[in-house]
Amino acid sequence: MIFKQKFRGFVMFFKRLLILLCAGFCLVGPVQAEQTPIASQTDSRIKRYVYDENNVYRLDLYLKSITAVQFDTGEVVESIIIGDSASWEITKLNAGNVVSIKPIVPNALTNMTVYTDRRVYTFELHCAGEIEPGEVARQSFRTIFSYPGEEAEFDESLAVDGPVDNNYLVSGFAPFRPIAVQDNTLQTTFLLPKGAPRPAIFKVGPDKSEELVNSRTDGGSIVVDGTSDYWVLRIGDESVCIGKAGVIRQSKAVVRAAPAPHPRKAGAHKSQAAGESDAGFFTKLLRGGRHAG
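Numbering-wise, the sequence shown is residues -33 to -1, 1 to 260 according to mature numbering (1 follows the signal peptide of the UniProt record, and there is no 0).
By construction, these hints were calculated from the structure, which means they are not laboratory data. The reader is advised that the hints may include incorrect statements.
In silico DSBU-like pairs for lysine-lysine, Cα to Cα no more than 35 Å straight-line [to be verified]: (1) K59 - K31; (2) K175 - K161; (3) K59 - K161; (4) K31 - K69; (5) K59 - K69; (6) K161 - K69.
Can you build the whole structure from these sequences, using the hints too?
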């Protein structure tokens, strides 16, 4: 009798153990992945995502703050659906490819899907309350998407022997702002957004002069012969300033981009008088310049 009771007790214990093990195995199922953004090297409040249609993009946002989500140049947002519209302010900007997001309720959590004329983006939105001192790096003022296909096409365009340098900083938000810039010691290539107008390209010399250089189009890229520490791209009054990150950070000299000059016979002009260089656009590159792409 005692033996039977012990045996039954052992069987019950074994069954319970088996149930716990099965429950544990059930928990080890497919993992739901959320892609968190990569912070810019120059300012952690500028975030970047690499687009993948099958990813869910997580945004951690704060009360009294707003973030702008920027899609591909020329892409048009067609519709936005959100699970909890009462806790969030979602606005499509006139630019067409930018959506602003602002939480208005503490600890709000919801999902959002954005449909454009090209792609589908899926987000998980988290409101982390009000920002606390020391949490600045977690803020997201602007979130930018990059697209692997464009980067791969760009890399192949420089498939030659020799090192490739793609560590450039870019300042300016004109429609022709390059997605990426890189050189292979023989030529420099600027990858422009789809449909962007083609700018004139100026090489900035050691004496602060800008020289208009010849360029050619290769697919969605503009290629110029040679390299330079600094470049300026211009159409009319709009300009984009580009510089090698290492040179900019080491140099104490600052060059300022002047308004577009009247035509001159040599195609060269002074960027800015030496006495006014402290407010130049390379200061902008140091403070707020962002890596192309």
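(request) Enumerate the violated hints, using their earlier numbering and listing them in ascending order. (result) Hints that this structure does not satisfy do not exist here, as all of them hold.
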